[in-house]
Amino acid sequence: MGCVFLFLVNAIAAYIPMKIRDAINLLEYKNEFNLLNYTLLVILLLAIVMAIFRIYSRQIIFRLGRQAEFDLKKTIFNHLVKQEMNYFSKQRTGDLISIISNDVQSIRALAGFAMLNILNTLIAFAFTLPRMFALNIPLTWAFLCLVPLVILSVVVLSDKIKFYQELVQQKLGEMSNFIEQNISGMAIVKSFAQEDNEVNRFNIENNSLRIEYLKLVAIRSVSGPVMRSIASFGSILVLYFGGKGVIESSFDLGDFAAYTLFVQNLIWPVASFGWLVTVVYRAQVSQKRIKKILEREPEIRDLVGAIEKRTFDSKIQFNHLGKDIKKSETIAIVGTIASGKSFFANQLMRMFEVEDNQIVIDGICIRKIKLDSLRSIFTLVPQETFLFSTTVEENIAYAADLSHEEVVTLAKIVFLDEEIDNFPNGYQTIVGEKGITLSGGQKQRISIARALAVNPEVIIFDDAFSSLDNISTSNILKNILELRKGKTTIFITHKIQITELMDRIFVMDNFSIVEEGDYEYLKENGTLFKELLEAAKEKSNEG
Amino acid sequence: MKDRVNSKSNLQLFQLLLPYFKPHSFKILIALLLIPLSLITFAAQPYILQRAIDDSLKNFNLEKLYFYVLLLFLAVFLNFIVQSSQFWLINLIGQNSVADLRLNLFDHLQKLPMTYFDKTPVGRNVSRITSDIEQLSESFAGGVIFLILDIFNVVGILIFMFLLNWKLCLVITFFLIPIVFLIIKYQTLYRTANLEARKKLSEANSFLQQNIVGISVVHALNSVKKSIDKFTISNKEFFDANDATIKADSQLSAYIELVSFFALVAMIFMSSLILKNGILTIGTVLAFLQYTQALFEPIRNLSDRFSVIQSAFTAAERVDQLLEENLEKDEGLIEGVQITNEIFRLDKISFRYSRPLDLKNEDSKEEIFTDWVLKDLSLVFEKNKKYALVGRTGCGKSTIIKLLTRLYEIDSGEIFFCGKNINRYKKNALRSYIAVIHQDSYIFAGTLRDNIKLNRDENELDWEFIKPLLSLINLDLESELSERATNISSGEAQVINFARALITKPEVIVLDEATAKIDIKTEQVLQKFLEDYLQTRTAIIIAHRLETIKNCDQILFLRDGFVIEKGSHQDLLLAKGEYFSYQQSMSLTSK
Numbered sequence: 002m003g004c005v006f007l008f009l010v011n012a013i014a015a016y017i018p019m020k021i022r023d024a025i026n027l028l029e030y031k032n033e034f035n036l037l038n039y040t041l042l043v044i045l046l047l048a049i050v051m052a053i054f055r056i057y058s059r060q061i062i063f064r065l066g067r068q069a070e071f072d073l074k075k076t077i078f079n080h081l082v083k084q085e086m087n088y089f090s091k092q093r094t095g096d097l098i099s100i101i102s103n104d105v106q107s108i109r110a111l112a113g114f115a116m117l118n119i120l121n122t123l124i125a126f127a128f129t130l131p132r133m134f135a136l137n138i139p140l141t142w143a144f145l146c147l148v149p150l151v152i153l154s155v156v157v158l159s160d161k162i163k164f165y166q167e168l169v170q171q172k173l174g175e176m177s178n179f180i181e182q183n184i185s186g187m188a189i190v191k192s193f194a195q196e197d198n199e200v201n202r203f204n205i206e207n208n209s210l211r212i213e214y215l216k217l218v219a220i221r222s223v224s225g226p227v228m229r230s231i232a233s234f235g236s237i238l239v240l241y242f243g244g245k246g247v248i249e250s251s252f253d254l255g256d257f258a259a260y261t262l263f264v265q266n267l268i269w270p271v272a273s274f275g276w277l278v279t280v281v282y283r284a285q286v287s288q289k290r291i292k293k294i295l296e297r298e299p300e301i302r303d304l305v306g307a308i309e310k311r312t313f314d315s316k317i318q319f320n321h322l323g324k325d326i327k328k329s330e331t332i333a334i335v336g337t338i339a340s341g342k343s344f345f346a347n348q349l350m351r352m353f354e355v356e357d358n359q360i361v362i363d364g365i366c367i368r369k370i371k372l373d374s375l376r377s378i379f380t381l382v383p384q385e386t387f388l389f390s391t392t393v394e395e396n397i398a399y400a401a402d403l404s405h406e407e408v409v410t411l412a413k414i415v416f417l418d419e420e421i422d423n424f425p426n427g428y429q430t431i432v433g434e435k436g437i438t439l440s441g442g443q444k445q446r447i448s449i450a451r452a453l454a455v456n457p458e459v460i461i462f463d464d465a466f467s468s469l470d471n472i473s474t475s476n477i478l479k480n481i482l483e484l485r486k487g488k489t490t491i492f493i494t495h496k497i498q499i500t501e502l503m504d505r506i507f508v509m510d511n512f513s514i515v516e517e518g519d520y521e522y523l524k525e526n527g528t529l530f531k532e533l534l535e536a537a538k539e540k541s542n543e544g
Numbered sequence: 243m244k245d246r247v248n249s250k251s252n253l254q255l256f257q258l259l260l261p262y263f264k265p266h267s268f269k270i271l272i273a274l275l276l277i278p279l280s281l282i283t284f285a286a287q288p289y290i291l292q293r294a295i296d297d298s299l300k301n302f303n304l305e306k307l308y309f310y311v312l313l314l315f316l317a318v319f320l321n322f323i324v325q326s327s328q329f330w331l332i333n334l335i336g337q338n339s340v341a342d343l344r345l346n347l348f349d350h351l352q353k354l355p356m357t358y359f360d361k362t363p364v365g366r367n368v369s370r371i372t373s374d375i376e377q378l379s380e381s382f383a384g385g386v387i388f389l390i391l392d393i394f395n396v397v398g399i400l401i402f403m404f405l406l407n408w409k410l411c412l413v414i415t416f417f418l419i420p421i422v423f424l425i426i427k428y429q430t431l432y433r434t435a436n437l438e439a440r441k442k443l444s445e446a447n448s449f450l451q452q453n454i455v456g457i458s459v460v461h462a463l464n465s466v467k468k469s470i471d472k473f474t475i476s477n478k479e480f481f482d483a484n485d486a487t488i489k490a491d492s493q494l495s496a497y498i499e500l501v502s503f504f505a506l507v508a509m510i511f512m513s514s515l516i517l518k519n520g521i522l523t524i525g526t527v528l529a530f531l532q533y534t535q536a537l538f539e540p541i542r543n544l545s546d547r548f549s550v551i552q553s554a555f556t557a558a559e560r561v562d563q564l565l566e567e568n569l570e571k572d573e574g575l576i577e578g579v580q581i582t583n584e585i586f587r588l589d590k591i592s593f594r595y596s597r598p599l600d601l602k603n604e605d606s607k608e609e610i611f612t613d614w615v616l617k618d619l620s621l622v623f624e625k626n627k628k629y630a631l632v633g634r635t636g637c638g639k640s641t642i643i644k645l646l647t648r649l650y651e652i653d654s655g656e657i658f659f660c661g662k663n664i665n666r667y668k669k670n671a672l673r674s675y676i677a678v679i680h681q682d683s684y685i686f687a688g689t690l691r692d693n694i695k696l697n698r699d700e701n702e703l704d705w706e707f708i709k710p711l712l713s714l715i716n717l718d719l720e721s722e723l724s725e726r727a728t729n730i731s732s733g734e735a736q737v738i739n740f741a742r743a744l745i746t747k748p749e750v751i752v753l754d755e756a757t758a759k760i761d762i763k764t765e766q767v768l769q770k771f772l773e774d775y776l777q778t779r780t781a782i783i784i785a786h787r788l789e790t791i792k793n794c795d796q797i798l799f800l801r802d803g804f805v806i807e808k809g810s811h812q813d814l815l816l817a818k819g820e821y822f823s824y825q826q827s828m829s830l831t832s833k
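As you go down the protein sequences, you meet chains A and B in turn. Residue 2 is where the first sequence starts when you use our numbering, and the numbers rise one by one after that. Residue 243 is where the second sequence starts when you use our numbering, and the numbers rise one by one after that.
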C-alpha cells in the first residue's frame, strides 16, 4: 500500500515540473492568460493530491520500520530470558542492551528510512529520467555522471565521520574513568596535596580528547559545504548544457526551468543514496550480532519427551550426595566457604545443569521434567539480593498476583510493615536506582517476602539472612516456619545458631555432605559442625 | 535548578563562556568577516543564473554563456572554500574554548571541599565534565552559531530578491508566514510526541536492563513468562508512542512542500501580471525559483536550532552551577612549621556532617545534618608519642583524623597544630607535615616511582629510607602500574601508601586502618619498620588489630564522640571498663 502511494507521489512529482514548464512558456505568450491560470490551477491541485499521498506513504513506511523494531525486540528478549544463567555471566549486560537498542535501531533505519529512500529514489528516477532524456540528452548524461560522484562523497564522508566519532567516544570514556577515579580518591588526593598534579594529568587526557575532536570537526566542517556545492554543480551543468540548447534553439526557456526542477528533485535522493550505503552496511553488522543471539540455543532446556510435573508428593533424592529430603521437612545446609552449597541449591531447579539421575523428585529425574513446571515446584531466594526498580508492593508481588492486603501480610511476616509505612509513599515507594535506597537488610526482607508470596512446594533460602542480625533472623524464621507448615523449606546459611529450629542439618565440605543430623546430635557428634558453631558464636559477640 | 534558570538570564550565561572565547578574538573576527563573503558567493548564484538567461540566452550569445558558466562555477567554488574555512574556524574556536573550560572545571573540582563530594554522586561530576560540556560545545556550534548564519542567510537572500524584483519578493515573503506557523505547530507536536516516545523507550530499556541483571531472580521465581508479557507491553507502548511522531513528521514535510508549490504558483501568477507590463524577465522568474528553495531551507531548521540552543543553556547552567560551588577554604598563610611539644590541641570542637536531603534529585539544595558526631571534644596529642583511637564503628575516631588535616571544617571550637590555629596554615603546608595513610589506595597509571614520588621535589624524598618497604612488594621502581591498581594486590597497594607517605619522613603520622588488607607476615615487617621510625615521631593510629594498638603510649577509647577511657593498654585492661569488654569481644572473633 505504501508503495502504491509512493508510486503516485513520484509520478506527480515528475509531472509537476512539466506543467511548470508549460506555465513558464505560457508567460512568453502574453495573451494566453486563461490557459496559464488553468495550468496553475492544475499544478495546485496536483500539489495537494501529492501532499496527501506523501503523508500516507511516509506514515506507512515509517510504521513498517517501527513494526520491525517491535517484533525484533520481542523476539530477542523472549530468546534471551530463556538462556541459562551461565550465559549471562559470560556476557556483559551493556553489550546485550546495546544489541537490543542500537543494533535493532540500525535494522529499523534500514526498514524505515532506507526503504523509503530506496523506493523513493528508484521511482523518482524511473519517472523523471525519461522526461529528462526527452528534454535534453547530453545534459542528462552529464547529470548521470554526477550521480556516482555524489554517492561516493557521501559514503566517504559519513564513513570518516563515524570513524572519528567512535574515537571521540572512546576518549570520552577514558576521561570519565579518570574523573571517576579522581573523585573516588579525593580524600587521598587532598591529603597528599595532589590537586595540581591531578590537574596536570587531566590536561593530558583533555588534550588528547581535543585533538580527536579537532579531527572530527575538520571533516564535519567540510561535509556540509561539499554537499551544497554538489547540488550547485547540478545548476552549473544545467546552465551550460541547457543554455547551449537554448542558444541552438533545441530547448526553450520553459524546458530550462523544468530541467532545473528535475535536477533539484533528484539531487537529494541521490545524496541520501550515499548515506544509504552506510545504513545498509551497519544493518548488516547489526544483523550478524542479532543472529548470534538468536541462534544460541539455551544449554539448559526441555529435553525431548519432557513431562509436565507441578506437584511434589514424597521426596527428592540426591543420588550424587547420597541423601534425600522428604516432603514438608525443613532442612538447613551449612558448610565452609565454597563447599558447593549454592551450587547444590541452584542445581535443584536446573539453574546449573545436572547429570541424569543425579537429582530425582518423586522418582522422576528432574531432567525429564519440563523446565517451566519444574521451576514452579521450587522457588529460590538467591544469595545476591536483586530488587526491581519499581514500587515496594510490586516487588513483593513480583511473581504472584496478590491483593494489597496479602502484600501487607507478607511484609508483616518479615517485620517490614512498620518500616514501609515510614517510606515516603508507603508501599508505593519506588526502590532502587530511581527511588529510595534501601539498606541491605530491607532488601533481603523484601526478597524473602517476594519468594514467600509464590508459596511453592519447596523454597530454598540461599544465605538470604546474611544482612540481618540474629534476633531479627530468628523472629522472621519463626514466622516463616509457621507459614511453611506442611511444605518443604531449605535454608542455606552461615548463621549456625538458627539451625536449631530445623528438622535436619546437612554439613557440606568440598561438594559433599560430610555430616548430617539434627542440631542436638551434631552439637555433640559433629566435628566440622562444632567448628562452624564456635566461629559463628564469636562472630555474633563482635557485633 | 528551575529557579536558577530564571534567576540567571541567558545573557549572563554567555558571560560565563565569554572569557573562554577571548583568547580567540582574532579567529572570531575572521569568522565574522567571512560571513558576508559566504553570503554573497551563495546568494549570487541564482543572480548569475538570471543574468545568464536574460543576457546571453535571450540574445543567443554563446560567449556570454561561457562567461556566466565560468562565473557561476567560480561562485560555487569560492562559496565552498569560504564556508569550509568558516565552519572550520568556528569549530576550532569552539573546541579549544571547550577544552579550556573542561580543564578549568576539573581544576575547580579539585579545590572543592570534601563536603561537596559527600553530597554529590560521582556520576554527576563525571557527566558535568564530559557529557554536559560536550553538549555545550555541540549545541553551541550547532545552535547558536548556525542560527546566526541562518539569519544572515535569510536576510541576505531577501535583500537579493528584493533588489531583483521587490514585488515578487513580497509575494514570497508572504508565504513565509504560513511556513513559520506550520513549523511551530508540527514541530511542537513532534517534540511532545518524541519526548513521550523517548520516555517509553527508556522505560523499556530500563526494564530490559533490570531483567538481564536480575535474570537469576527471574529464573528463581519462575517468572520468565511474566517478564516476557511485561516487556511486550512496554515495547508496545513505545511503538504506539512513535505513531504520533511519525504523523507529525510526515505531515510537516508534506505541508511545507505543498506551501512551497503554492508560493511557486503565486509567483508565476504574479509574474504573468507583471510580465504583461513587460518588466519581468524569465531569468528573474527562474532565479526566484532558486531563491525560494534556498530561503525555505534555513527556516525549516529554525525551530531545531532553537531546541538545540535550549539544551546548550541547560548544559551551561549545570556547568555554571558547579563553577559556583564554594572552594575549599584556604585562607592561611603560614607555610613553615616549628614543631613544639604539643603537636595538636583540640579545644572544645564540635562537628557534624551535612547530607543533601535527596541524593537522587539534582536540583535539591536542601541539606540535612547528622547528629553531632563530636560535641565539645578537647584533646591533646603530644610530641613523639603514639596514640590509638579505639571504638566501635561510628564512634567518631575517623572523623577526628579528617578534621586534623582540614578535610572537613569543624563547626565550633579550635584546633591548634604546634601552637597555632590550623586555619592559619596554608592547607598544603599543613598536609605535608601530617602524613595520613588510608585504607583505600589511590594508584594511577604510571611507574611505581611516579606513584610514590607524586609531584614532590626530589630533594624532599629519601628513597634509601623506604627501601625496606619496597622490598615487601615484588616490583621495581620502574614497573608500570595500571589505573585503579588492577595489576597489583590490594595489600601491595597499601604498602605503596606507606612508602608514599613515609618517604618525606613526616613529623606526624596518621594511620587509618592502614594495614587492614595486608597479610600478617607483611604486617609484622611493617610494624617493625614503623616502630623504629616512630621513636622520634608522633603517631595517631586507628586499627582493629590488637597487635597494632597494644604498644601505643596512650589509648583513647571513644563512644558517641566522647573519650570515655584514656590510658595505656595495660591500665585500661586492669580498669575492666568499656575498653576491656571491647577487647574481649574482639579477641573472640580473631581466634
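Honestly, I wouldn't trust all of these hints.
Straight-line alpha carbon distances no greater than 20 Å define the calculated PhoX-like cross-link-like pairs of lysine-lysine that follow [stated by the list, open to error]: (1) A:K83 to A:K292; (2) A:K245 to A:K316; (3) A:K172 to A:K216; (4) A:K75 to B:K472; (5) A:K83 to B:K472; (6) A:K75 to B:K792; (7) B:K818 to A:K83; (8) A:K75 to B:K467; (9) B:K467 to A:K371; (10) B:K269 to A:K216; (11) B:K442 to A:K75; (12) B:K300 to A:K310; (13) A:K292 to A:K310; (14) B:K808 to B:K770; (15) A:K245 to B:K300; (16) A:K486 to A:K316.
Hints are computed from structural coordinates only; laboratory data are not their basis. Fair warning: this is a prediction, and the values are worked out from it, not measured in the lab.
Looking back at the hints listed earlier, which ones does the structure fail to meet? 2, 6, 7, 12, 13, 14
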